[in-house]
Each structure stands twice: as structure tokens, then as C-alpha cells.
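Put the complex together from the two separate chains, hints included.
Taken in sequence, the protein lines are chains A and B.
Heads up, the first sequence is in the numbering used here, so the first residue is 717 and it goes up one at a time.
Heads up, the second sequence is in the numbering used here, so the first residue is 367 and it goes up one at a time.
The set of hints was computed from the structure by calculation and includes no laboratory data.
Some clues are possibly wrong.
To be verified - Residues from chain A shown here face chain B by an in silico Cβ test under 8 Å; the list is partial:
#	residue
1	Ile777
2	Thr942
3	Glu949
4	Leu1050
For glycine and all other residues, C-beta sits at the position ideal for the given N, C-alpha and C.
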Amino acid sequence: MDAPLVLGIETSCDETGIGIVRGRQLLSNTIASSMDEHARYGGVVPEVAARAHLEALQPSIDAALAEAGVTLADLDAVAVTSGPGLAGALMVGVGAAKGLAVALDKPLYAVNHLVGHIAADILDAEAGELEYPTVALLVSGGHTSLLLVRDLTSDVELLGETMDDAAGEAFDKVARLLKLPYPGGPEIDRAAADGDPTAIRFPRGLSRASDMASHRYDFSFSGLKTAVARWVEQHEAAGEPVPVADVAASFREAVVDVLVTKALDACARHGVPRLLLGGGVIANKRLRDVALERAAAAGVAVRIPPLRLCTDNGAMIAALAAELISSGRRPSTLAFGADSTLPVTEIQVAEDPDADTPAPRAGTTP
Amino acid sequence: MILGIDTSLGTAVAAIARDGEVLADEQSANPLGHAEVIGDLLRRATVGAPAPTHVAIGMGPGPFTGLRVGIATARVYALGRGIPAVPVPSHDGIALGRLLSDALTGTDTGRFAVVTDARRKEFAYSIYEGLDDDGLPVRVSDAQLTPRDDLDARLDDAGARRYEATTVSAAMIALAAARALDAGRTLAGSEPLYLRSPDVVAAHAPKRVS
Ligand SMILES: [Zn+2]
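So that you can see chain B by itself, here it is in the shape it has in the complex (with noise of 0.2 Å):
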């Protein structure tokens, strides 16, 4: 069993066998609270589950914090169990999703871009394009960061059809690792992706009481 956890919009964990074979998908609607239901959506998605032998993790983009939330769970429980931590894109898994929903109803999905929302009047989005022979997303680009208002812009630049995302699947998050291990494959580092520098600026002088 492969198990999934992504806390990059949401929170959701799951569990599939190694052909894909969705054994438990659980999620929480409540798209904040991730410390608060991670224990237990972890424990009802591998109570009746067989031992896992790899965890995938969704490495981002995403809010930092909730990001934080599941890389730490999902790397800790890999230690417990001493198995391995497979870390995935979050948009990775995203874009898989689309893209076998697409192949089951026969539409062409083109070149496409996964859209999520990065705060601070800022969009995180990956371009992929169709299915490659091991069953995975083309990246065409990596996740990058882009003001709003230059999105559209920027895709009609790339030939890219926007589709924006708001939850992330943990089974397609397992099924990419799944896919990528069969293949031999390494879809992202072990490092978050932040895409973004701490938002600090260096001490300065201190400011004048008087």
C-alpha cells in the first residue's frame, strides 16, 4: 500500500494499492484546521489498510503552514514506520487527476496549466502537457509564482488553458509516487516547495523615542 498525504489546499489523506486501487480517500472539507485533523484522517485512512510500504508526500506550492503540516506528519509517520518518504509536486497530482478524468471521457486536454492560489495577490501554476509512457503528467514548467493579473497573459503566452484547482487529491498525490517508482523516477526534492523567500527584511537601526 502506498499512502498519500497532502496538506497543500485542504487537507486529505489516502491510501492505494500499488496498481492504483484507491483503498481509503479521506479528506476535510475545512480548508484551514490541518494541525487539528491530520491524526485522525491518517488513522481512519490506514486503520483497515494493509501495511503501507512507501508514504508520498505533496510537497507544494502552498499556504506555508498547512503546507508545513502534512510534509511533518507524512515524514515522521514514514519514520515510525520505517519506510520511505516519496516526496510529489502537489501540482503533480493535480494534473494527473485532470488528465485521467479526461481520458475516461475521451476529451483532449491539450496543454494546461494547474492553477492555486499562493496569497498575497499571487498565483502558484505548473504547465503540463498529456501523459508520458510511465503513466505521468508532462511538466512542461515547474511551478512558479505570477502577480493575478498577469496570469492570463502569461498563459496565452505559454498556449496554456488555465484550469484552477482548489483541493488536492492525496490517491493521485500516492498514484504519481506509485507511477514514478514503477519507473524509477524522482518527481520533486525533499525541500517544501516555498517558492518564496521568509518574509523579512534584515534588522535595522532602531527607531528614535525621542
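In isolation and in its complexed conformation, chain A is listed as follows (with noise of 0.2 Å):
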């Protein structure tokens, strides 16, 4: 068949995104946040999330079919995050996705939020085809993930994930402490900027060498948050000012050098040139930056989508659903739920035996 047009539907955490893409062109990216709305309570609250996405489905819909030119009736699948997530925030999603695969009678396809994370790449026009295996680093403020990928539709392996706060809930949880708003990630560059990144050596989580064993490719920043705690409060307690700025650009750091240096471990210990990076916190230039320059140092390539395509999105869903498609998978059962712990290795959820794979759309065929 052709390249398929496939709507995807994303609710995993605050924001709502419909994503319109023919194969691997993307048609339309949009998204509606509630990142304001969360703003007051220092974090991302469930109920208000799912609140959210209720309300802004059919406007997203409308919005995104308008940009990109195209009518329901012309859609050859709807795709839609299962998992993992937040499970109530997830389910207005999986709602939503069978309310418009049934009234279209259209396949459904119901995927895998981080395995999306990677599929964003191949949405980028630019960037030549992706080469296999990579690594991929998967940094936002839900989840913190390694991972190894050998092919974006059949084969992604979990190298290791954080045991506690994901690396931006550790920003948003620091920014707190240092009585800066919501979110963190920006205002912690902001305030990092005229700052010291040596100033003070706060601790790498899950960095020694007897975390080598069974957490080499883990994460941990609960430690490093009450550190930076433990530090404000002594500085506070002496009655010395606190240097918001150095202590932003250390924390900020800490959380880079962690990060890029796992990934670039996992890259030597595989044999594997390549590292893709994906979710929201790659918006932080300091994390760009030393992944490019150590990766260089270390010969490995890295990849960056487009940063309207690293933040939580549908047209990463869509786009791996169009993979699958093309790849010749068949659509899920209507009796998948939402999974808020969905393994990565989980794909495509709840694929149906008995279904044939997507049909040529009328008129395209001889």
C-alpha cells in the first residue's frame, strides 16, 4: 500500500497531542498542554492531567486534521498510546482512539509511549535514515530510560531505567528547593547559567563500582535531590546566602554527567556508534552539549529530533504505528486497556491473530 495516514492519539502525562503523519511525513504535530494548570501544585497531578485531555480531544482532532489538509474518512489506521503512563490520563486516550476507530470502522493500533519516543526520529526530514542497533536515552520528566535498539518495530531491549524520580521530576523537585517555579528544567538553566558547574561536587546516583553490577545502566536522583536539600539547609542554617546559581549549575551537572555518561558506557559496551536521545529534558542545551562533545570524543553519532517532536507527542505515536503497518503487523484487538507500566519490550499491544493487515485504500490500487 501506500505510506499510511495514520492519526495518533497521546494522553500519557499532561500533555495531549494528536499526530497526523503519511508514513514517515509528518502532517500535523499538535499538542495541548496542561503544564499550567499544574503549575500551582509544583508537579504534574494526575486528576487535573486527565481532566485536561477530556476537554481538549476534540478540539486537538479538529486542529490537527485542519493543518493537515486531510478528513477522517481519509485515514488508513488511528494509533494510540497503551502505556506506560499515567493510567487515568491514559485511558481517556485508549477511550477516545476506540470511540474513532469504530466509527470509522478503521484499524486501531495501540502502542508504546517510549518505543514512540524513538519513532519521532524517523519524522525528521532532515536526518538521514536511522541506522540500527543505537542507543536510545529517553530523558523527560515521567521517565528516565536506557535503552538498546536493534529495530524500532520488533526489537527494543530496556538497558536500565531510574528506580525513583525520573531525571525532570528531580529538576522540578530541585527548582522547589531553590524557590524557583514550575517547571524546574528551564528556570534550574536559567539560574544555572551565570553559575559554577565544579562548584560543588553533588553525588553521580548509582555510579560506583559496586552499582556496576546490577545497576550499570540504572538510574537514581532521589539521592542527588536530597543532597542538594541537605546543602541549601546547611548554608541556610549557617546563616550564609545560598548560591542559587552555582548550586543550580552543579545540581544541573550531576544530572547531565549521569546521564551522558551511562549512555555513552552502554554505547561502548555494545559496540554501538550510535545514540538517539529523546523526550522533553533534551530541551536542556547543557545536556546537548555534553553529549555531543563527550560523544564525539567517544566516535559515537548522536541523533536529536526535532525538539516539538522530543516533548511528549501523537505524531510519535502515529509515525511508529506506520512502521508497524509497513512492516506488515496487524492491527490491535478493541480489548487492549491503558498499561501504566507497559514494558518497552511491549511494542505494539494486543495485536490480533485474526485480523488482516491494513487494506490498500480504495482508488490506490489497480
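If you want it as C-alpha cells, here you go:
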């Protein structure tokens, strides 16, 4: 068939993402964020996010169709994030996707959010073909995962992930400690601009020799957060002003260092000279700069999708489904649910053994 | 055909003809698992039925997570078919079912309260009395929450008998919508009947660690 026209629905966290792709061509990446509603709580509130998804769905679908210049009847398939993510938020998208697929009588693909982040890369028309295998580092407010990708549609292995906070959460929590607003990432960055990243040696979680056996590629940021809190409290108790710029820069350096070190270690140990970065925290310029610099020194090629495709979005979900369709995968049944802890090895959920692969669109075959 | 969808208590999907004849009535016995079952119920309810002209949506009250699944499915189904969605308070559907079944047996229902579980030691209830000329239940008071222990005293004051429900008929949601459409009336706004704000507090100062 021609490159399939797919609409993707993503509601795993606080962004309602509706994306439309034709194969690897991006037609719309419409995102409605409820971030402002979470700001006064200092973090994503699941119930607030779920309510916002419900309200944003229809207008976002309408906007995406208008931007893409297609109608619902043109679609070849519908795609949706089944997990991982916030259960109540995911369920809104799952319900919507099922409603749409049944209304249009089109195949539905339920896919993995994390693998979607990798699929974002193939929508980058400027970049060359994604080569395999590649190590992927996905960093956001909801996840911090290191993956080995041998094939986007069939073989993704989890090397490690965070044992406690996601990196983005650590930025939010440390921002609060420093009395900076939410979301913490850009605020820490701003505060760190004039700071000395070597001023304070904060701990690198799970980086000791004794951690290498069982947590070589895992992350932990809660100890780092506590170390920052303790450092700040000690200064306040001594009546000294807290050097916010130095604390922010040193904290950020600790996060960036551990992310890049573990990612490049994975590249070296698996003999993979390719590293793909994804997730909203990739917007952090210091992380990108350090990754590019140290990867270059290690002979590793780095790929970074455009930032609008790095944050959570529906286009990456549609792109992953389009790849699944092109590789001959059958659609999902209608019986899947939201899986907040979906493992990354489950790239597609509930593939229906009795279904046909999507048929060519009427008028496209002789 | 009018399609009815309600996930305020369990998951229910029905198709009725505009005159009220029930064409399909699908429901899941599982009080949870809304997202898992709604697609198959929807397909079964619509596959043999004529094309729907409207989608009636039970807007709650009900446990939020499940309630939203039905509303999301129904709204986007309506979008996909290019037909309007008709919001219906879920308690209206329960009351309509009660009043119609009492009418069949010649029972005088009197004033009664539809009572459903609202979790957190609370009930949601709405008070009704009889059917009006449009064949719709007369809602004496809109859905509200009460601590469970206070319910009976409140219903005594209102002179309403307690009618507890653990399921909602999607066919009754669709029938209420059909009668409202015939009468040119609106039964509910487009917002879910949450009755409760998100359970969160604004961020406070971080806890000390040393
Ligand atoms: Zn994500």
C-alpha cells in the first residue's frame, strides 16, 4: 500500500497530543498542554491532567485535521498510546481512540509510549535513515530510560531506567528547593547560566563501582535531590546566602554527567557507535552540549529529533504505528486497556492474530 | 438510531430507535475495566444497527476515571460519525428506568432519590418526582454529594424515598436523550458531573531533610 495515513493519540502525561503522519511524513503535530494548570501544585497532578485531556481531545483532533488538510475518512488507521504513563490519563486516550476506530471502521494500533519517542526520529526529514542498532536515552518528567534498539518495530531492549524520580522530576523538585517556579528544567537552566558547575560536587547516583554489577545502566536521582536539600539547609542554618547559580549549575552538571556517562558506557559496552536522544528534558541545552561533545570524543554519532517531537506528542505515536503497518503488523484488538507500567519490549499491544493487515485505500490499487 | 453510552457505573452501550425500541443493549458486568471493554461493546451495539443520528452520553456523577472513558469514547465516536453528542445526567437515565418500570406495574413511585456510590464515604444523589409531559423524569434537585451517614436524614427532610442503583442502562440514557430531542430540551451541560474538585493542594514549602 501507499504510505499509510495515521492519526495518533497520546495522553500519557500532561500533553494531549494529536499527530497525523503519512508514513514518515509529518502532517500535523498538535499539542495541548495542561502544564499551566499544574504549575501551582509544583508537579503534574494526575486528576487535573485527565480532566484536561478530556476537554482538549476534540478541539485538538479538529485542529490536527485542519493543519494536515485531511479528513477522518482519509485515514488508514488510528494509533494510541497504551502505556506507560498515568493510568487515568492514558484511559482517556484509549477510550477516544476506540471510539474513533469503531466510528470510522478503521484499524487501531495500540503502541508503547517509550518506543514512540524513538519513532519521533524517523519524522525528521532532514536526518538520514535511522541506523540499527542504536542506544536511545529517553529523559523526561515521567521517565528516564536507556534502551538498546535493534529494530524500531520488533526489537527494543531496556538496558536501564530510573529507580526513583525521573530526571525531569528531579529538576522540578530542586527548583522548588531553590524557590524557583515550575516547571523546573528551564528555571534551573536560567539560574545556572552564571553558575560554576564545578562549585559543588553533588553525588552521581548508582555510579559507584559496587553499582556496576546490578545497576550499571539504571539511574537514581532522589539521593541527589536530598544532597542538594541538605547543602542548602546547612548554608541557611549558618546564616550564609545560598549561591543559587552555583547550586543550580552543580546540580544540573550532576544530572547531565550521569545521563551522558551511562549512555556512552552503554554504547561502548554494546559496540554501538550511535546514540539517540529523546524526551522533553532533551530541551536542556547543557545536556545536549555535553552529550554532543563527549560523544564526539568517543566516536559516537548523536541524533536528536526536533524538540517539538522530543516532548510527548501524538505524531510519534502515529509514526510508530505507520512503521508497524509498513512492516506488515496486524492491528490491535479492541480489548486492550491502559497499562501504566507497559514494558518497553511490548512495542505494540494486543496484536490481533485474526485481523488482516490494513488493506490498500480504495483508488490506490489498479 | 440513537446510541447511548454510560460508564458512570460499569460500562454500558445501547442502540435504540428514535421511537424508543431497543435495538442493542450491551453491558459489562465488571464494574472496572471500562477502557478494556468499551470498544467491543461499542462495536457489538452498532454493527447490526442502522447508522446513528445522535450519541447520548451519560455525564455522571460517577467515579471519575471510569466516567471519563465513556465520555471520551462517545464524544470522539460522535466526531468520527459527524453527528451530535447529547449529554444526559446518568441519574436521569436511572430515574427514567425506575419510573417506566413502576408505570408498567401500576406502582406509584412518589418522590424518590437516585443514590449512587461516590467513593470516599460519600453518596451522590438526585431527587425526582414523576414524569413530565415530555416523558422525562422531573428532577426536583440536581445531583449532589452527601456524607453517607447523612443521606437518610437529608432524604427524610426532602420527603424522598431512597433508591440505590449499581448499574445504569445505556438504553435509558438514549431514551432520555430521544425524548429531550423531541421536546427541544437540554438535560445537561457538556461538562462531566464531577461534583468534586481534583483532590490536590497547592505546593507547600519542601520538607526539611536534615
Ligand atoms: Zn514521554
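Here is what the structure says about each hint:
With 8 Å as the threshold, the beta carbon of A:Ile777 comes within range of chain B, its nearest partner Cβ sitting at about 6 Å, so the hint holds. Because the beta carbon of A:Thr942 sits about 5 Å from the nearest beta carbon in chain B, less than 8 Å, this interface hint is met. A cut of 8 Å between beta carbons decides the hint on A:Glu949: the least distance to chain B is about 5 Å, and the hint holds. For A:Leu1050, the suggested interface contact is upheld, since its CB lies about 3 Å from the closest CB of chain B, less than 8 Å.
Checked against the numbered hints above, the structure violates none of them.
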